[in-house]
Amino acid sequence: MSNRKQLAAGLLFGMIFGFLLHKGGVTRYDVIMAQLLLRDFTVLKIMMSAVLVGTVGVHLLKATGRVSFAPKSGSWGQNGIGGLVFGVGFALLGYCPGTMAGALAHGALDVLLAGLPGMLIGCWLFAVLYPRVRGSLLLRGEFSRTTLPELLGINQWMLVSGLTMAVLLLFIWLEKTGL
Amino acid sequence: MTWLNEPLWSPYLVGAAIGILSWFTLLFSGKSLGCSTSFARSAGMLEGLLRGRKKVLRKPYFQEYKPEVDWQWMLVLGIFIGAGLAVLLSGDFSPALLPDSWQAAFGPGKVLRLAIAMLGGVLVGFGARWADGCTSGHGISGAMQLSTASWVAALAFFAGGIVTAGLLFRILA
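Chains as they are written, first to last, in the numbering used here: chain A, 1 to 179; chain B, 180 to 352.
Each hint should be verified, as a subset may be incorrect.
To be verified - Straight line, CA to CA, 20 Å or less: simulated SDA-like cross-link-like pairs of lysine to any residue: (1) A:Lys176 / B:Lys238; (2) B:Lys210 / A:Lys176; (3) B:Lys238 / A:Tyr130; (4) A:Lys72 / A:Pro149; (5) B:Lys245 / A:Asn3; (6) A:Lys62 / A:Ser73; (7) A:Lys72 / A:Lys176; (8) B:Lys210 / A:Ala8; (9) B:Lys289 / A:Gln6.
Keep in mind that the hints were calculated from the coordinates and are not lab data.
If you're wondering where the values come from, they're calculated on a predicted model, not measured in any experiment.
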């Protein structure tokens with residue numbers, strides 16, 4: 001695929017993604033904060049529905065040789081620490097990177113004036129720090145296996161089935177409790 | 180087609196559609212949904228404008244993540260445009276500096292919101308690049324690939340977020 005077609009495809013997929021994020025309500029600060037305050041579970045419902053449908057689909061596509069993917073390795077130092085830092089920022093800002101882009105579209109001026117500039121500064125600061133941590137902290141506590149089925153030593157379809165059941169039970173519980 | 184004008188769709192439907200979307204991005208583009216790398220590339224592009232590209236490309240990080248427009252950068256631009264289309268269809272364009280629930284908890288002060296949003300933005304950018312992904316790259320794409328790193332990252336995002344939100348709204352507010 002030519003570079004131009006690839007970029008056009010990215011734009012089109014992004015437009016669908018952004019349309020869906022707004023229709024789901026997650027381009028709103030109030031919806032994201034209500035999730036982090038555990039008062040409303042819209043964010044989790046969207047993410048886990050996406051993961052559920054996605055997991056089954058991409059593993060079937062991979063098993064039939066239509067796509068290939070290989071998760072990157074990681075570590076507690078990288079994904080655990082970085083993830084916690086992200087989480088603190090997530091709650092202060094009330095948006096994550098993708099929903100920020102969507103929030104600009106409905107007129108979130110706090111994102112335009114502070115969140116987005118801050119995020120660019122944060123990325124740049126990490127780029128500055130990167131040479132000091134890439135050989136040390138980012139490798140601390142490396143995961144022994146890159147995928148959960150390998151890590152847990154179970155068949156991937158077993159895990160997909162178990163995950164499906166767990167997510168469906170979670171949804172039933174959320175609907176019963178009205179969250 | 181009134182459903183296109185509805186301001187909110189079922190979260191289960193939206194999530195399932197995002198799941199299906201990720202089959203197609205893999206099939207047609209060989210890529211997964213993700214966002215935060217594009218902000219890092221943009222930061223590099225901005226540094227290039229201010230200090231010259233040579234200085235930027237001396238940084239090992241920007242040698243790995245080139246400051247240029249790629250598939251994912253267009254995806255993020257598309258999110259803005261697609262969300263804009265949804266906003267137009269449902270007519271809920273509502274420019275505001277203070278989100279409702281923020282104002283209810285912290286009052287009408289604009290400087291406080293901007294300061295906290297700026298700090299949050301810095302930590303989101305820094306943390307996403309440290310963790311090598313964000314809520315979409317790890318939380319959706321990596322999670323569906325059953326990546327160990329992504330599940331750890333996604334749990335850490337929400338652990339950090341839930342604790343911080345609790346401290347902010349239950350103690351400071």
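Hints breached by this structure:
1, 2, 7 and 9
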